[in-house]
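Chemist: All chains should be built: construct the whole structure from the sequences, respecting the hints.
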Amino acid sequence: MSATEAVAHARRADEVDAPDTVWVEHTAWIDRVPRAISMIVLFVGFVVVWQCVSWLGVVSPIILPTPGEVARDLTVVGQNLITGGYMLTALWITTLEVIYGFAIAFAIGFSLGVLVGETNFGERAVMPYLVAIDTMPKIAFAPLFIAWLGFGIESKVALAAFIATFPIVVGTAAGLHAADANQRLLFKTMGASRWQTLMQLKLPAGLPHLFTGLKIASVGVMAGAITGEFLGGGKGFGEQIRVAAAQLNTPRVFSLILYLSLLGLAIFMFISWLQRRLVFWHKSTVTGA
Amino acid sequence: MSAAAVLAESLERAAAQSRPVYQLRRVDKVYTARNVHALDSVDLTLEHGSFSAVIGSSGCGKSTLLKIMSGLEPPTKGSVMLQGRPVTGPRRDIGMMFQQATLLPWKTALQNIVLPIAIRDGKAAAKAKEREALELLELVGLKGFEHVFPGELSGGMAQRASICRMLITEPAVLLLDEPFSALDELTREFMNMELQRICASRDATAFLVTHSIQEAVILSDVVYVMKPRPGRIVEAVTIDLPRPRTLDMMTTPEFASIVRRIRGRLDVEAFL
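Residue numbers (the numbering used here), protein chains in the order written: chain A, 1 to 289; chain B, 1001 to 1272.
Hints may contain errors.
[To be verified] Derived pair list, reagent style BS3-like, types lysine-lysine, alpha-carbon separation capped at 27 Å:
1. B/Lys1107 to A/Lys188
2. B/Lys1143 to B/Lys1129
3. B/Lys1123 to A/Lys215
4. B/Lys1067 to B/Lys1077
5. B/Lys1107 to B/Lys1123
6. B/Lys1107 to B/Lys1077
7. A/Lys138 to A/Lys188
8. B/Lys1077 to A/Lys283
9. B/Lys1127 to B/Lys1143
10. A/Lys235 to A/Lys138
11. A/Lys215 to A/Lys283
12. B/Lys1127 to A/Lys188
13. A/Lys188 to B/Lys1129
14. B/Lys1077 to A/Lys188
15. B/Lys1227 to B/Lys1077
16. B/Lys1067 to B/Lys1227
17. B/Lys1129 to B/Lys1077
18. B/Lys1067 to A/Lys138
19. B/Lys1067 to A/Lys188
20. B/Lys1143 to B/Lys1123
21. B/Lys1107 to B/Lys1127
These aren't lab readings, by the way, just hints derived from the structure by calculation.
For clarity, every value in this text was computed on a predicted model and none was experimentally measured.
Modeler: In structure tokens form, the structure reads like this:
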């Protein structure tokens, strides 16, 4: 068979024997819907169910306000926030508590984490106590903090920091063990000092774990600040929620919680942003875990 | 001729060549806690510019030998001399390469290569060495990859970068701990030839630990055969194949007979 014949033969065979591919990968239609649309549909569905429940009168309006009422209150509170009213002052106080609490938790948690992760003494003597304290319901300490530090911002900061410290300790300590055996061996053969190994190997290698701890802490720090305000009064957002609830102003409670969640979201997003900047090299950053 | 006499003769032949860079004399290592006699009176001489390999089954003391030679562990007895000075810890004139490339993923290739300098002499010295690092990258065929992070390098490319990191301190001896065994067979053979080229161009003294007889023979001037319990060198096989070696030599009868001889030495007790 000559070359041209072969080509002609192949082409004919192609036409006759090789029909179009009939086996294609199948994706469920729900996975093909764009993310934004899926999210909007879910949200609308949630509101519709909520509205139906209100219409049918299954639940008393004092317990569950209608979406409309909550939306109206959201605009009222929103206007107050934008125009710099007392709501903004309250939100600012809570924000400060969260920031201070987080900063203190980071300072203490990171130091303890390095102590626990880097020294034998820390791991064997300090860690058991930390675990013991961590298993206690930390909110139970709130009355103590109020007794010690008063009804001002300090007791809330203390509770927030107290709750947020432990995840940071664990994250830091776990992170210091993250460097693999080969990397440690490499640093040994390069004659690296303990300090150099800590700064240039163990801490960078541990950043993914540290950030996991920070994210857990960011949730705890909010819970601590709000709990402190529930129990210790003051002028923060938690106090606004408590007052609204006491007045059976449920729409207000809902809208305040929604605005509060924006604060939590902002902190979480800040940490995620920092993580993307610093831990760009790790797979957890890519998957957003 | 007795085994001891064969050993003595082959060691003598190995030592009779040029100037020694690394010398081990009657090195013993006993792990008392586990009651393991890891090394028994090991004698070893690495000549300047030579390539040696040590081969043996698992648990024959290869890793212990390498730990002692790299200054990570002291011997129980015996003398360990590199360039006329006893090895008492990690030294900058010892270059090491591991099974894994072990690059730090948060540093670029270039930063990884100058890391040993940064650790020993500080950031400024590392900065000053960047030019040399770029030349090394070119030597190993990674030109243009200096600002790439290790996550974007293939296994073979990462090992090339780790070769650069080993060479940047201009070490007197290169200790290679199964450097390409994590790579696929094709890449591994190719990298072995690259290693030969790089070693030749730098007139490097290299010591390879491996499980592969073929790899040991194709690369080395001398192959030390080790046996376990206690770990000891039973023969130093001189490889007379001409240089530069090529992968084609692996099919020659000479190569096959050397491989057969080494395998024979290993088989007797290795699997008891």
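Chemist: Each hint should be assessed against the structure and marked as holding or not.
Modeler: Here's how the hints hold up against the structure:
no.	hint	verdict
1	B/Lys1107 to A/Lys188	18 Å, holds
2	B/Lys1143 to B/Lys1129	16 Å, holds
3	B/Lys1123 to A/Lys215	33 Å, violated
4	B/Lys1067 to B/Lys1077	14 Å, holds
5	B/Lys1107 to B/Lys1123	14 Å, holds
6	B/Lys1107 to B/Lys1077	40 Å, violated
7	A/Lys138 to A/Lys188	41 Å, violated
8	B/Lys1077 to A/Lys283	46 Å, violated
9	B/Lys1127 to B/Lys1143	18 Å, holds
10	A/Lys235 to A/Lys138	23 Å, holds
11	A/Lys215 to A/Lys283	17 Å, holds
12	B/Lys1127 to A/Lys188	22 Å, holds
13	A/Lys188 to B/Lys1129	21 Å, holds
14	B/Lys1077 to A/Lys188	22 Å, holds
15	B/Lys1227 to B/Lys1077	19 Å, holds
16	B/Lys1067 to B/Lys1227	17 Å, holds
17	B/Lys1129 to B/Lys1077	38 Å, violated
18	B/Lys1067 to A/Lys138	49 Å, violated
19	B/Lys1067 to A/Lys188	11 Å, holds
20	B/Lys1143 to B/Lys1123	23 Å, holds
21	B/Lys1107 to B/Lys1127	14 Å, holds
The structure fails hints 3, 6, 7, 8, 17, 18 (numbered hints given earlier, in ascending order).
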